[in-house]
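There are 2 protein chains.
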Amino acid sequence: MKPTALGEFGRIRRFFAPLAGPGGLGLTDDAALLDCRPGYRLVVTVDQLVEGVHYLPNDPPELVAKKLLRRNLSDLAAMGATPLHYLLTTALPASFADDWVRRFAAGLAEDQERFGVALLGGDSASTPGPASLTMTAIGEVAIGKEIRRSGAQPGDRIWVSGTIGDAFLGLKVLRTDELVGLGPAYAEALVARYRLPEPRCGLGPRLAGIAHAMIDVSDGLIADLGHICETSHCSATVEQIRLPFSAESLVILCEGWEQPAALATGGDDYELLFTAPPEMNDAIAALAAELAVSISEIGVIEGGAGVRLVDDAGQEIPVEAAGWRHF
Amino acid sequence: MKPTALGEFGRIRRFFAPLAGPGGLGLTDDAALLDCRPGYRLVVTVDQLVEGVHYLPNDPPELVAKKLLRRNLSDLAAMGATPLHYLLTTALPASFADDWVRRFAAGLAEDQERFGVALLGGDSASTPGPASLTMTAIGEVAIGKEIRRSGAQPGDRIWVSGTIGDAFLGLKVLRTDELVGLGPAYAEALVARYRLPEPRCGLGPRLAGIAHAMIDVSDGLIADLGHICETSHCSATVEQIRLPFSAESLVILCEGWEQPAALATGGDDYELLFTAPPEMNDAIAALAAELAVSISEIGVIEGGAGVRLVDDAGQEIPVEAAGWRHF
Numbered sequence: 083m084k085p086t087a088l089g090e091f092g093r094i095r096r097f098f099a100p101l102a103g104p105g106g107l108g109l110t111d112d113a114a115l116l117d118c119r120p121g122y123r124l125v126v127t128v129d130q131l132v133e134g135v136h137y138l139p140n141d142p143p144e145l146v147a148k149k150l151l152r153r154n155l156s157d158l159a160a161m162g163a164t165p166l167h168y169l170l171t172t173a174l175p176a177s178f179a180d181d182w183v184r185r186f187a188a189g190l191a192e193d194q195e196r197f198g199v200a201l202l203g204g205d206s207a208s209t210p211g212p213a214s215l216t217m218t219a220i221g222e223v224a225i226g227k228e229i230r231r232s233g234a235q236p237g238d239r240i241w242v243s244g245t246i247g248d249a250f251l252g253l254k255v256l257r258t259d260e261l262v263g264l265g266p267a268y269a270e271a272l273v274a275r276y277r278l279p280e281p282r283c284g285l286g287p288r289l290a291g292i293a294h295a296m297i298d299v300s301d302g303l304i305a306d307l308g309h310i311c312e313t314s315h316c317s318a319t320v321e322q323i324r325l326p327f328s329a330e331s332l333v334i335l336c337e338g339w340e341q342p343a344a345l346a347t348g349g350d351d352y353e354l355l356f357t358a359p360p361e362m363n364d365a366i367a368a369l370a371a372e373l374a375v376s377i378s379e380i381g382v383i384e385g386g387a388g389v390r391l392v393d394d395a396g397q398e399i400p401v402e403a404a405g406w407r408h409f
Numbered sequence: 083m084k085p086t087a088l089g090e091f092g093r094i095r096r097f098f099a100p101l102a103g104p105g106g107l108g109l110t111d112d113a114a115l116l117d118c119r120p121g122y123r124l125v126v127t128v129d130q131l132v133e134g135v136h137y138l139p140n141d142p143p144e145l146v147a148k149k150l151l152r153r154n155l156s157d158l159a160a161m162g163a164t165p166l167h168y169l170l171t172t173a174l175p176a177s178f179a180d181d182w183v184r185r186f187a188a189g190l191a192e193d194q195e196r197f198g199v200a201l202l203g204g205d206s207a208s209t210p211g212p213a214s215l216t217m218t219a220i221g222e223v224a225i226g227k228e229i230r231r232s233g234a235q236p237g238d239r240i241w242v243s244g245t246i247g248d249a250f251l252g253l254k255v256l257r258t259d260e261l262v263g264l265g266p267a268y269a270e271a272l273v274a275r276y277r278l279p280e281p282r283c284g285l286g287p288r289l290a291g292i293a294h295a296m297i298d299v300s301d302g303l304i305a306d307l308g309h310i311c312e313t314s315h316c317s318a319t320v321e322q323i324r325l326p327f328s329a330e331s332l333v334i335l336c337e338g339w340e341q342p343a344a345l346a347t348g349g350d351d352y353e354l355l356f357t358a359p360p361e362m363n364d365a366i367a368a369l370a371a372e373l374a375v376s377i378s379e380i381g382v383i384e385g386g387a388g389v390r391l392v393d394d395a396g397q398e399i400p401v402e403a404a405g406w407r408h409f
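Residue numbers (our numbering), protein chains in the order written: chain Y, 83 to 409; chain C, 83 to 409.
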């Protein structure tokens, strides 16, 4: 059987046109139309997944779709933006079956509903290489409410949502035998964190007026804090004892199977990392309670440059990796 | 020597950050900020080039960059929009040298200047496959002035800018020996049309209030007219004798090396194809004179469905290919 009975336009009509929002014009035009509410700015980001680089060939297509969308939504959340739309570009090998595309679109449909976004347009092509999926996500933020990386100031406290290192450990479960001693429920929970990020779309926009600077943790907490310090021209000191770890991670740390510093340099957490002046401590605590999200104070911003991870005695802990780079 | 001495972030800083416009925040943030003027809508499109599919591995990187940008600008022009910004996503093999990236960025820099657009953001990754380049382009159009594919009405005349089939013939020059009898200057002119499209950014927005429906010719004139007919629920009849051909194409047609119908189904013209009511004939002639662009009336829109190419006697000419599809 031919891998695709539908063909390129058939796939678009069958699987993707139903995902189109009003501005997408049913995916029948050259481009999409985008309104912007008075008093708002649009926020645009783009991200890609390459098969064999960002995900494994056998990963379920629904999960690949959700991962692609959620990585983008996390970038919007990190600017304090609320997501609205996305455009999708696919380059797929001719061998890909229609069913892969159907399942990929089904994953998008579920997450569209969940996060309140819709498809605006896109492009599809064939490739002799691995599947390559690119998404452009568009959100909105009230003018002046955007939260950038460059606003950190000496004296700011450093905060991070959720827990750190789970996705890194989940990947380790999948790729090595080093964590076989971990119970299967714990192992599964970590793998789920790696496979499917949970972008902080609710929290991000609520930090307007509270956070001075923000980023989402994708390269690794230490590396991403480095990005804030570089653009804000300041330094950061993180207390290792304050890093928020999940119950699953704590088991691994207690058994000595991994070091805390490794969890602070592993990537793919998609938590929000932000700085805020000390007078915002109460507002942050209130927000954490209201949204039922843990938000942990982990350190302080100072003058100078660089990121230091320190132990209980204030001694610097050597950090090996400076975060993921492609080259 | 290592292919990249600069690394991922070094390349971004060195080659791409200088291309960033004000909303791009120096490419140092998670996402870009986008303002929209009151009374305007934004228009967004996305397009990709895959090495070995959309361009040849040895094509000069400057040309690849310009082709990517111009294909997107052509989509914006087809909506009647004026281009403003773009986002760039690259997936490059680890073997790609910094110099390829430098030349690619140099091509973008030249075209940015020429078309008045700036880089807003993007994403870069490595790939084990062929290079894959995706661009999201953003333009603006006054509310209500956008020109869609779906507005064609029976009685409309069909118009196309410039000449048709040159890019198709240019590719044929590159890939076959069938046109070796053509003089080298003519051959070069056709190859140039294939290598570097000339998007009608000036003409597109000026057709607001004149054109009922518009598309840019990328899949081939007949196929793209089919897209207009499908979304507008009408039919089109094109008179072959009225198709605008370049001097180079006419030599080839006169020698009998190619048939006119093939030029009407070849793609990559990036001319504007639109429909307008007969009372706009004078306005279109005036616009053509003002912009020094040839605009040719080639047929008429009627009820029913489908696209017919007819000869002098009104007899239908069989059309072989229905335009390019990837699957």
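There may be inaccurate statements among the hints.
[To be verified] Heads up, simulated SDA-like pairs for lysine to any residue below, C-alpha to C-alpha not over 25 Å straight-line: (1) C:K227 / C:P120; (2) Y:K227 / C:A102; (3) C:K227 / Y:P142; (4) Y:K227 / C:P120; (5) C:K227 / Y:D141; (6) C:K227 / Y:P104; (7) C:K227 / Y:L332; (8) Y:K227 / C:D117; (9) Y:K227 / C:K227; (10) C:K227 / Y:A200; (11) Y:K227 / C:G121; (12) C:K227 / Y:G92; (13) C:K227 / Y:Y122; (14) C:K227 / C:E280; (15) Y:K227 / C:R119; (16) Y:K227 / C:A200; (17) C:K227 / Y:D117; (18) Y:K227 / C:G103; (19) Y:K227 / C:P104; (20) C:K227 / Y:G121; (21) C:K227 / Y:G103; (22) Y:K227 / C:Y122; (23) C:K227 / C:E379.
[Stated by the list, open to error] Which stretches of chain C does chain Y cover? Using the computed rule of at least three CB atoms under 8 Å from a CB of chain Y, they are: (24) 207-215; (25) 382-396.
[As the list claims (entries may be wrong)] Anything over 12 Å on all C-beta distances counts as not near chain Y; from chain C, calculated: (26) P120; (27) N140; (28) N154; (29) A160; (30) P175; (31) A188; (32) E260; (33) Y268; (34) A269; (35) E270; (36) V273; (37) G286; (38) I292; (39) Q322; (40) P326.
These are computed hints drawn from the structure, not numbers from a lab. Note that beta-carbon positions come from the ideal geometry of N, C-alpha and C, so glycine has one too.
Tested hints:
1. For the given pair, C:K227 sits about 14 Å from C:P120 by alpha-carbon distance, which is consistent with the 25 Å threshold.
2. Restraint check for Y:K227 and C:A102: the C-alpha separation of about 22 Å stays at or below 25 Å, so the hint holds.
3. With a C-alpha separation of about 43 Å, the suggested pairing of C:K227 with Y:P142 is violated against the 25 Å cut-off.
4. Annotation: proposed proximity of Y:K227 to C:P120 holds, straight-line Cα distance about 19 Å (limit 25 Å).
5. Between the alpha carbons of C:K227 and Y:D141 the distance comes to roughly 44 Å, so the proposed pair goes past 25 Å and is violated.
6. A C-alpha spacing of about 17 Å is found between C:K227 and Y:P104, which places the hinted pair at or below 25 Å, so the restraint holds.
7. Restraint check: the Cα-Cα separation between C:K227 and Y:L332 comes to about 59 Å, which exceeds 25 Å; the hinted pair is violated.
8. Only pairs whose Cα atoms come within 25 Å are accepted, and Y:K227 paired with C:D117 is accepted, the gap being roughly 13 Å.
9. Between Y:K227 and C:K227 the CA atoms are separated by roughly 31 Å; this puts the pair beyond 25 Å, and the hint is violated.
10. A C-alpha spacing of about 24 Å is found between C:K227 and Y:A200, which places the hinted pair at or below 25 Å, so the restraint holds.
11. Between Y:K227 and C:G121 the alpha-carbon distance is near 22 Å, which keeps this suggested pair within the 25 Å criterion.
12. Between C:K227 and Y:G92 the alpha-carbon distance is near 30 Å, which puts this suggested pair outside the 25 Å criterion.
13. In summary, the hint linking C:K227 to Y:Y122 is supported, as the alpha carbons are separated by about 22 Å, within the 25 Å threshold.
14. This hinted pair checks out: C:K227 and C:E280 have alpha carbons roughly 23 Å apart, not beyond 25 Å.
15. The suggested pairing of Y:K227 with C:R119 holds, with an alpha-carbon distance near 18 Å, which does not exceed 25 Å.
16. Proximity of Y:K227 to C:A200 is assessed by CA-CA distance (about 24 Å); at most 25 Å being required, the pair is judged to hold.
17. Between the alpha carbons of C:K227 and Y:D117 the distance comes to roughly 13 Å, so the proposed pair stays at or under 25 Å and holds.
18. Restraint check for Y:K227 and C:G103: the C-alpha separation of about 20 Å stays at or below 25 Å, so the hint holds.
19. Annotation: proposed proximity of Y:K227 to C:P104 holds, straight-line Cα distance about 17 Å (limit 25 Å).
20. Only pairs whose Cα atoms come within 25 Å are accepted, and C:K227 paired with Y:G121 is accepted, the gap being roughly 22 Å.
21. Only pairs whose Cα atoms come within 25 Å are accepted, and C:K227 paired with Y:G103 is accepted, the gap being roughly 20 Å.
22. In summary, the hint linking Y:K227 to C:Y122 is supported, as the alpha carbons are separated by about 22 Å, within the 25 Å threshold.
23. A threshold of 25 Å between alpha carbons decides the hint, and for C:K227 with C:E379 the separation of about 22 Å falls inside it, so the pair holds.
24. Here's how the region 207-215 of chain C fares: 7 of its residues keep a CB closer than 8 Å to some CB of chain Y, so the rule of at least three is met and the hint holds.
25. Three residues within the 8 Å Cβ limit are the bar, and the region 382-396 of chain C against chain Y gives 0, so the coverage statement is violated.
26. Annotated as non-interface, C:P120 brings its C-beta within 12 Å of a C-beta of chain Y; the closest such distance is 7 Å.
27. Look at C:N140: its CB is around 16 Å from the nearest CB on chain Y, clear of 12 Å, so calling it non-interface holds up.
28. At roughly 9 Å from the closest C-beta of chain Y, the C-beta of C:N154 falls inside 12 Å, breaking its exclusion from the interface.
29. Its closest Cβ contact with chain Y, about 4 Å, brings C:A160 to no more than 12 Å, contrary to its assignment away from the interface.
30. Annotated as non-interface, C:P175 brings its C-beta within 12 Å of a C-beta of chain Y; the closest such distance is 9 Å.
31. Distance check on C:A188: its Cβ is at least 19 Å (rounded) from any Cβ of chain Y, clearing the 12 Å threshold; non-interface status holds.
32. C:E260, annotated as away from the interface, keeps every beta carbon of chain Y farther than 12 Å; the closest lies near 26 Å.
33. Consistency note on C:Y268: stated as away from chain Y, and its beta-carbon is indeed over 12 Å from all of that chain's, at 31 Å minimum.
34. For C:A269, the non-interface assignment is confirmed: its Cβ lies about 28 Å from the closest Cβ of chain Y, beyond the 12 Å cut-off.
35. The claim that C:E270 is not at the interface with chain Y holds, since no C-beta of that chain comes within 12 Å of its own (minimum 28 Å).
36. Look at C:V273: its CB is around 23 Å from the nearest CB on chain Y, clear of 12 Å, so calling it non-interface holds up.
37. Taking the minimum C-beta to C-beta distance to chain Y, about 10 Å, the non-interface status of C:G286 is violated against the 12 Å cut.
38. No Cβ of chain Y approaches the Cβ of C:I292 within 12 Å, the least distance being about 17 Å, so the stated non-interface status holds.
39. The claim that C:Q322 lies off the interface holds: its Cβ sits roughly 26 Å from the closest Cβ of chain Y, which is beyond the 12 Å cut-off.
40. The beta carbon of C:P326 sits about 21 Å from the closest Cβ of chain Y, which is more than 12 Å, so the claim that it is off the interface holds.
Going down the numbered hints, you'll see the structure goes against 3, 5, 7, 9, 12, 25, 26, 28, 29, 30, 37, while the others check out.
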